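Participant: Spelled out from the first residue to the last, the chains are:
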Amino acid sequence: MHPEIHRTLLATRRHLLGSMAGGIGSIALGELLGSRSTHAANEAITAIPSASIEPLAAHSPHFPARAKSVIVIHLTGSPPHLDLYDHKPQLVQRDGEECPPETIAGKKFAFTSGTPKLLGTRRTFVRCGESGMELSDAIPNLHRVADKMCLVKSMFTDQFNHAPAELMAYTGSPRSGRPSLGSWVTYGLGSENANLPGFVVLISSGVQPNGGTSSFGSGFLPSVYQGVQCRSKGDPVLFVSDPAGMDRKMRRKSLDALRDLNELQAQELGNPETVTRIAQYELAYRMQTTVPEVMDISREPKHVLDAYGAMPGQPSLANNCLLARRLVEQGVRFVHLFDWGWDFHGTGPNEDIRDGLTKKAATFDKPAAALIEDLERRGMLNDTLILCTGEFGRTPFREGRTAGGTLLGRDHYPDCYSIWMAGGGVKGGHSHGASDDLGFQVAHDKVHVHDLQATLLHLLGFDHTKLTHRFQGRDYRLTDVHGRVVKELLA
Amino acid sequence: MTIRNAMGVGLLLTCAVLAFIGVQHTAHADEPIRFDRDIHPILSENCFACHGPDADKREADLRLDSLEEATRDLGGQVAIVPGNSQASHLIERILSTDPDIQMPPPKSNKNLSLEQRNLLRQWIDQGAHYEGHWSYEPLSRPSVPQITGAAHPVDAFVRERLIAEGIDPAPRADDITLYRRLAMDLIGLPPAPSEIDAFLADTASDKWEQYIDRLLSSPHFGERMAVWWLDLVRYGDSVGYHGDQEITMWPYRDWVIEAFNSNMPFDTFTQQQLGGDLIEHASLNHKVAASFNRLNMMSAEGGGQDKEYRAKYASDRVRATSGVWLGSTLGCAECHDHKFDPFTSRDFYSFAAFFDDVQERGIYGGSHANGMWGEMMRVPSPQQAVQQIELNRTLDEANQQYKSDSPELLAARQLWLGSIGTLAAWSPLEPIAASGGSGTLAIQTDRSILASGPTDDTAQYTIALKLPVGTLTGMRLVAMPHDSLPKKGAGRAGNGNFVITEISGVVRRIASEQNAVVDSKPIVFLAARSNFEQTFAGNLVPAGKWSAALTIDRDENTKTFGWGVLERADKLNELVLEFSEALVVEPDCEVFLTISQLHGTGHLLGHFRIDATSSMPTILPDPSDLPAAVREILVVSKEARTEKQNAAISEYHRSIAPEWASFREQQGVAQQALAALIESQPNMAVTVSGQRRITRILPRGNWMDDSGDIVHPATPQFLSKSIPDDLSSDSPHKVLTRLDLARWLTSPDNPLVSRVLANRLFAISFGNGLSTRLDDHGSQGQWPSHPQLLDFLACELRDQGWDIKRFLRLLMTSDAYCRDSQPSAHHVQRDPENRLLARQSRWRIDAESIRDTALVASGLLVRTIGGASVKPYQPEGFWDYLNFPKRIYKADTGDSLYRRGLYVHWQRQYLHPAMSVFDAPSREECTARRPRSNTPLQALVLLNDPEFVEAAKALAMKTLLSNNRSPTERADFMLRQAIGRPPHATEIAVLVDMVDRHRATLSNDHNAVTSLLAIGTGSMPPKEIDPVELTAWMSAARAVLNLHETYSRN
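If you read the sequences in order, they're chains E and X. My numbering puts the last residue of the first sequence at 559; the count rises by one with no breaks. My numbering puts the last residue of the second sequence at 1155; the count rises by one with no breaks.
This list has only true hints and no planted wrong ones.
With a straight-line cut-off of 27 Å between C-alpha atoms, the simulated DSS-like cross-links for lysine-lysine are:
#	chain 1	residue 1	chain 2	residue 2
1	X	K412	E	K175
2	X	K212	E	K514
3	E	K175	E	K156
4	E	K185	E	K427
5	X	K1063	E	K321
6	E	K427	X	K991
Hints were generated in silico from the structure; no laboratory data involved. In this text the structure is predicted, and so the values were computed from the model without any measurement.
Starting from the given sequences, assemble the full structure and let the hints guide the process.
Facilitator: As structure tokens, then:
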């Protein structure tokens, strides 16, 4: 470079640094404050925090957190909890009887009308671990970690179709347009690794969630808090690879020139956004190295791959469980896994609660158990909260359309179902709540999805009533106007 | 205060910062307190949730949003005593520190500042004057202040406030910045350097006005405005829910572009979108406009509840329509009365009822496969419409010729009729038993017999059938094609054929008591005829045909030959057997048929039926493929046929007469051409008005609860007061329509629509609205920085014919619009958000314009207006997760790759990453304002999206092919393409230096050069350009197309 240009640029950088401290930095700050502190006048979305404020910088929550990061395993379609977690001997005894009228009176079901027949599980339940938690033979590997699991058998929600129920579970509202759980958490906590997105989404079994991208969208929060879907094919993050013919050295040189030009223009026009832009290019450059590295599970030793049942290059829930650990290890706050294929209607052999469930559960049970054990071995389980759930439960009766066939399946059911958590401040080996004898209603200790959301936020150090964002004149929160922290679940 | 406020930034909070926020939103010490500016926001934010319009949630029966209610005696306590804050209970409660008494209660997370408490106290002491909310107040034209040096009304209002605040305005921006600003704002495209040069060279005193007019009349103006409007109305190219299937709506988008280009008045624009289909003699364009009502998301999810989704679509329309026109959050009243604004839940559902004539379904089951989303309409382009008229005329002519008669045809018809004579009346015989061969012969309910199971080379079927009492003259075997048989024919041979080699019959009488044959007599056949005889392989058979006669010839020499039908094996064929003498059937008679099929290679009957007739000889087979209706007529004797029947026969004859073949062909060609033309036209979802659905108030928004009141279309109660009578929902005889809604919205008395529109158009020109909350003009919205100016501008729209171009011209001819956007230190300190407009604003341009700018700078842009949405390059597998059905994204080729961002296919759930990453909304909901983020993912798109890499290659080519020879000239040329202004020497030097370095590296790396130049599908560089030189300049171009300034509007 010509010495004269070099001197000019040095001067520019000094000038910029000077401005950053007093001038430009405070302009950005002013915009931020203007938009955030005068509620009636502004909405935060109108001024995206500049990178000079670092929207993804790590933040402290309201009070000390039990969990620093979250891994959600969402079984899209909703697994048959009565064949996995909630053992109902009376339902088995009365299998084939018509549902008692009071259990179905006035209710609508997605695919069932008339009077369906009770369906007892065909699985065997086993008492596991010191706690004696009852789990079915479909999930033998989870038996090993029962004492780490916190099972909630008294969940309920308001929605009985997939898309609205899934949105309800992750955005607190059955309609699209609200921020998702992961976005709220990233909004509140930022990320611990500036070279990675704060909120990563991984999808297995080939189909996106029922709620579409809204299930991990940022809604009215700035898009920087939206889940970044990392893909198993092609670039893990879109456009993270340089084009063919552009090596890292050339990329660096290009970026240097670009930065020089941007700096000259920042000086010329005094636009703080240009300074932010420069920072974003540097971050992008670092991401180009970091993302492919963390997403490459072939770097794991064979025994780890085997424990999860992970196979590099083949998209699977097992791979994604392992990736979730790698991402959390690198400081990602929220990893949301979606696995398609849990809609056990019994309309095809893969949706039958006998062999079909055995096959599907095998793809989930092994990596889920391995994830818990792996996190514990690395001393990360205490700080990492795992949540495993569907969008609702499944009926204690046989799905209407298949009543005449040979396959056994269950319809969607919002009134009572089971989920489990592990690590991150929840009680291990704990079963909470119960369904009634036939599994139709919660018998005691009801937990609504909003309660679960409040509890998750609590574990992350947030008062769910105070983690809010102003939009269209209203302070919105994940739990809408509901939600109660379920203290009984906390370790 | 949100948690994020409390974090990080809190430490940096300075007094200075607090001071300037105070300046803008509250009164000066010497100014009286104003309710709507100063007090209403405090009450709305802190009190209305429990003491506001929502009756369900009201606490202590206290309502603070009206003077009457707030001053009511509630058992010895009065919240507000005007003029006496000490006696006002409200003041006591907000000053209390006792958690049980304190208001707002601590658990509400609301907190009044000291300043706010003082304001409330002063306001009560000054008399507690209530005012209506600024945006709901009747709109009247404020007088323009007389300010020296500010002749333009916009400047008068702006300067008045600046003078009061003691802030000096920024100087006028330079011409280059101004012209680029104007182009970005009005057409969304950066100007070419030559245009800028022309502007600079122009010495006309009114050149600025001229350029405004020129840009306003550019066809690209409509495109730019459409980007804004499509966000509001949530336009998409996919249905949004569940499988997010594609749907055709783009004719609506083109209508919007044209409406802005032709400067359609906003009231007409409103009317056509909401109710174009209801306009008398609605044109195609009216109907296309009315597809606004079908822009909502839709679902084809299996198991979804129809009723639930219909409720969703209804509330979607209320949110969108109230958001677009009223700038109101009426959607909040779906489950309860609005918390802050006087909208009731009844208002919400009454508003929804305006749309309850729009025909639609809740769940569009099957639509994911057939692409039909309820009511659809073909939309021909103007050229196609002309073509269609032409083709219809051709078809009419062909039809006329076809319908005509000629002596030749009449003669042929007589001959044909003569050859048919009177057709025999047939009735199927009821089979009793059927057997033969290894397979099964099963009797079907229609009395036919179907063969299945194992098959043989040859076989002999024996069939017993009941005979009706009476006289019979003949029988026939009808060979019937069946789906289960090879080639869907009537035979079991692999080619669908059969060969009947011999057929014989015996009539038997059965004594019913013994169930034994008491009499048996063979039938003698006089003749066997068929409608069709196979000629394929005719050289093998004596007569050259596989003829019917062979089936009764009793000739041992031809016993493996018989009747075959290969060429017509998949159609009905019949073998008519005429008896040599009439057969008188007595009771209890049956016929026992033996059907020999000795040809071999499995040529056996697969599906057939036996009929009998009493018609007089000679019994002829039916002509092939005779329609049942024609057959019915031909059974009637010639003399007995009615005129209508004869006409039907003539009509049929036309359709088969060889003499008419050419007319039929002409007809067919014309029909096909017309069908192909229609098929090539977009098939879009349209609004069809029909049977009104019943709309009920859904308690708590619960779609399963049918207990709520039935409501009829009505405008929100509190806004309807000053509305013309004929639009009042109180009128008992009239159900208001969507057209009435449109008239109400743009009636001169509607206080909201003109304010909302003026504010949003202001934001297009200044980056921010006068009220920065573009989506909410309600209580929780923002007090405008210049309320008088906003009202003035709203009046300009309302009273000057809703003229959008005129309005934008007004804004852009102001000094305020032309000011420099670079703030002075003074500005930064006094007014960091630029609410007072002492300067212009600057911002990163929208996603679409980013794409357009790169394409303009590189010369790649294809400026075609309108048409089907386009698919640019997109990372492979980006759509892998879309289901129902699975889809593979196929990028366009050729010109479609280089169209404006506006035309990029808008997949709501998987929007093109170059759009979504730059904050283009998914368009699931009405979006009045896009956020403007600045993220590393944006850097990755600009660096690596092949569209931008290709643009860099094109820009490098353009540079090297220009007349500029020296590196300095080239760098200067290249930068100007992107940023408009002449670059500084230092910038040029950086670029030249970069090219030098890259050239040095690339000259040793042939592979890199080849790979980089292979990106994109556009034209390859001409031979005279050295690839290494081109690649080096391509690197420079990539830097230029990544500059922040390239994508900034200053």
